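Turn these sequences into a full structure, and let the hints steer you where they fit.
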Amino acid sequence: MSIINSFLDTMASLASQSGFAGFLVDGGWKNIVMILISFVFMYLAIAKGFEPLLLLPISFGMLLTNLPYAEMYHPDFWNYKTVAGNDHYIDYGQILQKGGLLDILYMGVKLQIYPPLIFLGIGAMTDFGPLIASPKSFLMGAAAQGGIFFTFIGAALFGMSAAECGSIAIIGGADGPTSIYVSSRLLTSNSNIGVGTIALAAYTYMALVPIIQPPIMKALTTKKERSVVMGQLRPVSKVEKLIFPILVTIVISLMVPSAAPLVGMLMFGNLLKESGVCDRLVKTAQNELMNIITIFLGVTVGATTQADKIMNIQFAEVMALGVVAFSLGTACGVLLGKLMYVLSGHKINPLIGSAGVSAVPMAARISQKVGQQEVPTNYLLMHAMGPNVAGVIGSAVAAGVLLTIVR
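If you count the sequence shown from 1, position 138 lands on 138 in the UniProt record's numbering, and the numbers rise without skipping.
There's no promise every hint is true.
Calculated pairs, DSS-like style, for lysine-lysine (alpha carbon to alpha carbon, straight line, at most 27 Å) [unchecked claim]:
id, residue 1, residue 2
1, Lys218, Lys347
2, Lys30, Lys98
3, Lys110, Lys98
4, Lys338, Lys283
5, Lys223, Lys369
6, Lys347, Lys136
7, Lys218, Lys283
8, Lys136, Lys223
9, Lys223, Lys347
10, Lys283, Lys136
11, Lys218, Lys48
12, Lys224, Lys369
13, Lys338, Lys224
14, Lys347, Lys241
15, Lys369, Lys136
16, Lys136, Lys224
17, Lys218, Lys338
Taking CB as the label site, the calculated pair distances span [unchecked claim]:
id, residue 1, residue 2, range
18, Ile113, Asp76, 14 to 24 Å
19, Glu71, Leu254, 19 to 29 Å
20, Ile405, Asp91, 22 to 32 Å
21, Asp26, Gly93, 39 to 49 Å
22, Lys98, Lys283, 17 to 27 Å
23, Val277, Ile104, 33 to 43 Å
24, Gly93, Glu71, 14 to 24 Å
No lab work stands behind these hints, which were simulated from the structure alone.
What you are looking at is a predicted structure, and each value in this text was computed from that prediction instead of being measured.
All C-beta atoms, glycine included, are put in the ideal place defined by N, C-alpha and C.
Here's what the structure looks like:
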């Protein structure tokens, strides 16, 4: 009989410590809801192709972190403490000793390691030739960042903290790694919104570029403006392509030091590519390194999406302000394009201004697609790539400015 009782006690103990029991405790239903939400994002990534390379890892990280008692991620470990006058102290020793798998991997986000390495890979895949051939594209890339700063002000009107305003505003740059970089620097576990929330909004709207941008572009331009056919860009020499990343790194790092990690790694990756003597390093940056970091970044960011960060009014505000930021960025780029259309004597198609957001190369393709709806033989892609890659640089600079302001 004692053996049977012992067996029953053991089974009862196992049942009480199982994840199923965790769903039955107070608030356990929220974990079920979050798991269902993770399934929705998995569906969007797999079936609809919404930024699958990051949305799928993020959604799976969301699933893992909401499984009761799995203890793969501990949000309390990431709360800032005050030690010896430092009110931004995180006990990484405790995390290494007691943290779960996702806690350990999340150190790469919190220590700002993953996003700059993503930029290294982006730089190794980017051709800045269209931007070098048409330096005025820098202006459109800069103008498209206007949505970031307008949204920063708008978020403040909702009563959000400066850190939350900056984290939401950067969504307007349409750059996922930059959004993660800024939000991981500014937000804590005590914030009403999390890094995962910002990442979900950023990548969702990046996937919706073909839906969001065209109506704005058509509303702000006339048929005559959309029909402008631009001439071929001038050839760019190898020397120019070698000098460009070095010069940009120096100038931007001196002007906005907080942007140096992102811009520096972006330009280093591009220098490796353009040098022509580092093929092995370029291939590694483009493929193996990029893929590994993308997995780590996505899964760990997804781990920050606990129920208290998603199932609140702030999540709805983030999604609403995110689409406003992205739309304003598109509008600012188009409006500057219209100004340049006038100043150039009607030689610049203002549609390329919408590509100033850094959703590369999707935003540039949208510019060409809308242009060809008016003139089927109009090829704006290379002209739009100038503002598009300028937007990558611009979003990194905007991130540095936000970090400088908020800190």
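Evaluation of the provided hints:
1. Between lysine 218 and lysine 347, the direct Cα distance comes to roughly 18 Å. Compliance with the 27 Å bound is thereby established for this hinted pair.
2. Under the criterion of a C-alpha separation no larger than 27 Å, the hint pairing lysine 30 with lysine 98 is consistent with the structure, at around 25 Å.
3. With a CA separation close to 17 Å, the supplied pair lysine 110 and lysine 98 stays within the 27 Å bound.
4. A distance of roughly 39 Å separates the Cα atoms of lysine 338 and lysine 283; the hinted pair therefore is violated under the 27 Å criterion.
5. Between lysine 223 and lysine 369, the direct Cα distance comes to roughly 14 Å. Compliance with the 27 Å bound is thereby established for this hinted pair.
6. With a C-alpha separation of about 13 Å, the suggested pairing of lysine 347 with lysine 136 holds against the 27 Å cut-off.
7. About 39 Å separates the Cα atoms of lysine 218 and lysine 283, which puts this hinted pair outside 27 Å; it is violated.
8. The straight-line distance between the Cα atoms of lysine 136 and lysine 223 is roughly 23 Å, inside the 27 Å bound, and the hint therefore holds.
9. At most 27 Å may separate the alpha-carbon atoms for a hinted pair to count; lysine 223 and lysine 347 meet this at roughly 14 Å.
10. The suggested pairing of lysine 283 with lysine 136 is violated, with an alpha-carbon distance near 31 Å, which exceeds 27 Å.
11. Restraint check for lysine 218 and lysine 48: satisfied, since their Cα atoms lie roughly 25 Å apart, inside the 27 Å limit.
12. Proposed proximity of lysine 224 and lysine 369 is supported: the alpha carbons are some 16 Å apart, at most 27 Å.
13. Between lysine 338 and lysine 224 the CA atoms are separated by roughly 11 Å; this keeps the pair inside 27 Å, and the hint holds.
14. The straight-line distance between the Cα atoms of lysine 347 and lysine 241 is roughly 26 Å, inside the 27 Å bound, and the hint therefore holds.
15. The hinted pair formed by lysine 369 and lysine 136 meets the criterion: a straight-line CA distance of about 22 Å does not exceed 27 Å.
16. Proposed proximity of lysine 136 and lysine 224 is supported: the alpha carbons are some 22 Å apart, at most 27 Å.
17. This hinted pair checks out: lysine 218 and lysine 338 have alpha carbons roughly 12 Å apart, not beyond 27 Å.
18. Hint check: isoleucine 113 to aspartate 76, Cβ distance near 22 Å, so the stated range 14 to 24 Å holds.
19. Here the CB-CB span from glutamate 71 to leucine 254 is close to 45 Å, at odds with the stated 19 to 29 Å.
20. Evaluation of the 22 to 32 Å hint for isoleucine 405 and aspartate 91 yields a pass: the beta carbon distance comes to about 28 Å.
21. For the hinted restraint 39 to 49 Å between aspartate 26 and glycine 93, the CB-CB distance of approximately 32 Å leaves it violated.
22. In this structure the supplied range 17 to 27 Å is violated for lysine 98 paired with lysine 283, their Cβ-Cβ distance being about 38 Å.
23. Distance hint check for valine 277 and isoleucine 104: the Cβ-Cβ separation is about 36 Å, which falls inside the suggested range of 33 to 43 Å.
24. Taking 14 to 24 Å as the suggested C-beta distance range, the pair glycine 93 and glutamate 71 conforms, at roughly 18 Å.
In this structure, the hints that do not hold are numbers 4, 7, 10, 19, 21 and 22, in rising order.
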